[in-house]
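For the sequence shown, position 71 (counting from the first letter as 1) is numbered 158 according to the numbering used here, and the numbering increases by one without interruption.
Note that these hints are calculated values from the structure, not bench results. Some clues are possibly wrong.
Label pairs and their calculated CB-CB ranges [to be verified]:
| hint | residue 1 | residue 2 | range |
| --- | --- | --- | --- |
| 1 | P119 | E165 | 17 to 27 Å |
| 2 | A251 | D213 | 16 to 26 Å |
| 3 | N194 | G125 | 23 to 33 Å |
| 4 | S157 | R272 | 20 to 30 Å |
| 5 | G125 | A251 | 44 to 54 Å |
| 6 | Y208 | G168 | 23 to 33 Å |
| 7 | E165 | E270 | 21 to 31 Å |
| 8 | Y214 | P119 | 37 to 47 Å |
| 9 | A251 | A167 | 26 to 36 Å |
Distance condition first, Cα-Cα at most 30 Å in a straight line; then the derived BS3-like pairs of lysine-lysine [what the hints assert, rightly or not]:
| hint | residue 1 | residue 2 |
| --- | --- | --- |
| 10 | K234 | K137 |
| 11 | K276 | K234 |
| 12 | K166 | K146 |
| 13 | K276 | K137 |
A quick note: this is a predicted structure, and the numbers were derived from the prediction, not measured. For glycine and all other residues, C-beta sits at the position ideal for the given N, C-alpha and C.
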Amino acid sequence: MKKITKFFAAVLLLAITVTTFNIQAFAYSDIPDYFDFGDCTVSIDAGSYKDVWVRSNYKYTCYLGPHTSSRTYIECSEKAGSEYVRLHIGPDETQKNVSFYFYVRDNAVADQGLYDEIEVYVQNIDYEYARRADEAAFLKWYAYNNKDFNAYDYYMNYPDLRNAFGLDANSLYTHYYTTGMFEHRVANKLI
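Hey, can you work out the whole structure from these sequences and the hints?
So this is what it looks like as structure tokens:
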């Protein structure tokens with residue numbers, strides 16, 4: 088009976104201590120007074136995204152560390168509070184580790200150099216896709232690109248067109264307006 092009484096006394100003491108000192112537990116952050124992350128390291132497949140919970144006590148701004156894809160980016164509000172941010176990894180990303188940096192940018196904080204990060208381990212990198220995207224990058228600036236047609240997107244979306252026309256932007260353009268649009272092919276975004 089004494090052991091049971093001591094056990095309950097210990098549990099009660101622990102409960103009082105936790106309640107009295109209002110202990111806060113943070114998931115992940117090197118500077119928990121400013122940021123808290125649901126995860127500070129995540130794995131994301133190339134060409135995919137992941138939503139990660141973030142709490143910031145102050146306004147902030149995001150920066151992207153070294154990366155190789157223009158389609159690697161973050162969607163966030165940059166406002167104080169709690170939210171899910173969306174981390175995107177481009178399909179042509181070849182950097183194995185990509186960091187998303189969160190810097191405090193609030194007049195209420197004197198040290199504007201405070202930051203923390205979420206590190207992404209990029210999985211299933213498609214080096215062939217990345218090589219092809221790099222090789223075709225100049226098609227993004229084809230003179231006849233418009234809101235309905237982009238030679239780069241059209242080239243990257245369809246292997247049969249790559250085989251038939253290669254990197255010939257004029258042939259891709261002609262194909263889209265004589266055949267592709269009637270086949271409901273997508274030429275203004277990557278699919």
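May I ask which of the numbered hints given earlier this structure violates, with the numbers listed in increasing order? The structure conflicts with hints 7 and 9, although it agrees with all the remaining ones.
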